[in-house]
Amino acid sequence: PMMQGVQNYDQIACVIDVSAGNITDAWIAYGQGRFGFPLAVGLTGVMGADYYPYLNSGQIFGIMAGMHGAAQYEKLAENPGRGRDGMRIQLYAHIIIILFIIMGNVGYFMSLRDRKKVGR
Amino acid sequence: MDFGTFLWTTLAAFLTLATFSFLYKDNPFYRIAEHLVVGVSAGYFVIILWHNGLVPNLFQRLADGNWYLLWLNSTKPWYVIPAVLGALMWTRFSRNYSWVSRWPLALYIGIATGVAIPLEMANRVNRQLFATMSGVNWDNFWGLGFLDPTAGFSHVIIFIGAIAALFYFFFSKAHTGLFGGIAKFGIWILMIGFGATFGLTVMGRISLFINRIQDLNDWGVAAFDSSNPNHTVWFQVAFWLLVLGVVAYAVVEMVRFLARRSAATSR
Chain A
1 PMMQGVQNYD QIACVIDVSA GNITDAWIAY GQGRFGFPLA VGLTGVMGAD YYPYLNSGQI
61 FGIMAGMHGA AQYEKLAENP GRGRDGMRIQ LYAHIIIILF IIMGNVGYFM SLRDRKKVGR
Chain B
1001 MDFGTFLWTT LAAFLTLATF SFLYKDNPFY RIAEHLVVGV SAGYFVIILW HNGLVPNLFQ
1061 RLADGNWYLL WLNSTKPWYV IPAVLGALMW TRFSRNYSWV SRWPLALYIG IATGVAIPLE
1121 MANRVNRQLF ATMSGVNWDN FWGLGFLDPT AGFSHVIIFI GAIAALFYFF FSKAHTGLFG
1181 GIAKFGIWIL MIGFGATFGL TVMGRISLFI NRIQDLNDWG VAAFDSSNPN HTVWFQVAFW
1241 LLVLGVVAYA VVEMVRFLAR RSAATSR
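As they're listed, the protein sequences go chains A and B.
Just so we're aligned: 95 in the working numbering is position 95 of the first sequence, and the numbers increase by one with no gaps anywhere.
Just so we're aligned: 1092 in the working numbering is position 92 of the second sequence, and the numbers increase by one with no gaps anywhere.
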């Protein structure tokens, strides 16, 4: 077994947690917080914003959030793959969503103006 | 390609499309996918719990004892106590004996709280406070640009933003005048943070969708590209069966719609 002979965190150089759930909280609180080993995390995009404060505080030394993080890692490792391919598509999807948000806000403010006119 | 790989990739493609069919409306294909994911998740979780939780932490520790002596002859018979307490939690489902479950639940909550609260305070509160109160990097104040987290300018923004956000949550004073202005700035900081979370959430959902479309593309390529090493005629059969299923459902929906409209018209 891979962990045979490993008794405690003194024998581990660093921990890299790649997960999509709440286990990352446990690694930070019960692992790194208690025993002080270097910890890096690979997360889903949704979780990324919640864990950047830990990067800034030094509790983790690296973070790889979502497809963006995967693309950055592929660039770092010079091993292009699905992450970088996906980011090209992400760009267009995000542009469309930003356009929809702008359209929604323009529509909202126009309807406010119309309501004010009707109110007068 | 072996039949097993073909079967699972086709099933994945079918379930992906079945889940997306909810965009039209609730339908039997979506229901199949939904119930399948709930059932498989529950079953998988039970197996993980059994093999990673109960077997190494309970049954292996009591393995040197005998079940007909209730493992009391084991070298570690005290493991029977948490086993019994865990079993008593199931009395929660009984109308007459649900009070029994409060005892193991109280013990569980007490231990979990005692372990969790100091660590959560230390890691989520204290360490974050220390990081927020760290000194400003005056030597590298502007850094590489506006969004350089190591620059002194970023430290100033973080510090002011944290104080302003805390001002917003102080409700013992009315948010008027200078106090109100700082609280309003705090709201803006909070909204920027929520916007970042929203943006990352959107990115996460889009990336899941992109991954699904990439898998569907790979499946389609295997189905129709004869030069692909994974190509097999069974993919094409499965594809046309899927199309047939969707067309049949569409026809049934159309017939029902027309029947409802004619019934409404005849009234």
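Calculated directly from the structure, the hints in this document are not laboratory data.
Possibly wrong hints are sitting among the right ones.
Some, not all, of what chain B presents toward chain A, calculated at C-beta under 10 Å [said to hold, decoys possible]:
hint: 1; residue: 1151
hint: 2; residue: 1154
hint: 3; residue: 1201
hint: 4; residue: 1204
hint: 5; residue: 1213
hint: 6; residue: 1226
hint: 7; residue: 1227
hint: 8; residue: 1254
So the derived label-pair ranges between C-beta atoms look like this [stated by the list, open to error]:
hint: 9; chain 1: A; residue 1: 96; chain 2: B; residue 2: 1140; range: 32 to 40 Å
hint: 10; chain 1: B; residue 1: 1043; chain 2: A; residue 2: 14; range: 33 to 41 Å
hint: 11; chain 1: A; residue 1: 38; chain 2: B; residue 2: 1246; range: 33 to 41 Å
hint: 12; chain 1: A; residue 1: 38; chain 2: B; residue 2: 1149; range: 12 to 20 Å
hint: 13; chain 1: B; residue 1: 1041; chain 2: A; residue 2: 104; range: 47 to 55 Å
hint: 14; chain 1: A; residue 1: 23; chain 2: B; residue 2: 1188; range: 32 to 40 Å
Bear in mind that the values here come from a model prediction, so they are computed numbers and not experimental data.
Positions of the beta carbon are idealized from the N, C-alpha and C atoms, including for glycine.
Comparing the hints with the structure gives:
With a cut of 10 Å, the hint placing residue 1151 of chain B at the interface with chain A is violated, because the nearest CB-to-CB distance is about 12 Å. Because the smallest distance between the Cβ of residue 1154 of chain B and any Cβ of chain A comes to about 9 Å, under 10 Å, the interface hint for this residue holds. The interface hint given for residue 1201 of chain B holds, since its Cβ lies 5 Å from the closest Cβ of chain A, which is under the 10 Å cut-off. Against a cut-off of 10 Å between C-beta atoms, the interface hint on residue 1204 of chain B holds, since the closest Cβ of chain A lies about 3 Å away.
With a least beta-carbon distance of about 8 Å to chain A, the hint placing residue 1213 of chain B at the interface is held under the 10 Å criterion. Interface restraint check for residue 1226 of chain B: the shortest CB-CB distance to chain A comes to about 24 Å, outside 10 Å, so the restraint is violated. Evaluation of the residue 1227 of chain B hint against chain A yields a violated restraint, the C-beta minimum of about 21 Å exceeding 10 Å. With 10 Å as the threshold, the beta carbon of residue 1254 of chain B stays out of range of chain A, its nearest partner Cβ sitting at about 31 Å, so the hint is violated.
Distance hint check: the CB atoms of residue 96 of chain A and residue 1140 of chain B are about 38 Å apart, consistent with the given range 32 to 40 Å. Taking the beta carbon of each, residue 1043 of chain B and residue 14 of chain A are about 35 Å apart, inside 33 to 41 Å as hinted. Checked against the hint of 33 to 41 Å, the C-beta distance between residue 38 of chain A and residue 1246 of chain B comes to roughly 51 Å, which is inconsistent with it. Range check, residue 38 of chain A to residue 1149 of chain B: Cβ separation about 19 Å, and the 12 to 20 Å hint holds.
Distance hint for residue 1041 of chain B and residue 104 of chain A: a CB-CB separation of about 35 Å, inconsistent with the stated range 47 to 55 Å. Taking the beta carbon of each, residue 23 of chain A and residue 1188 of chain B are about 34 Å apart, inside 32 to 40 Å as hinted.
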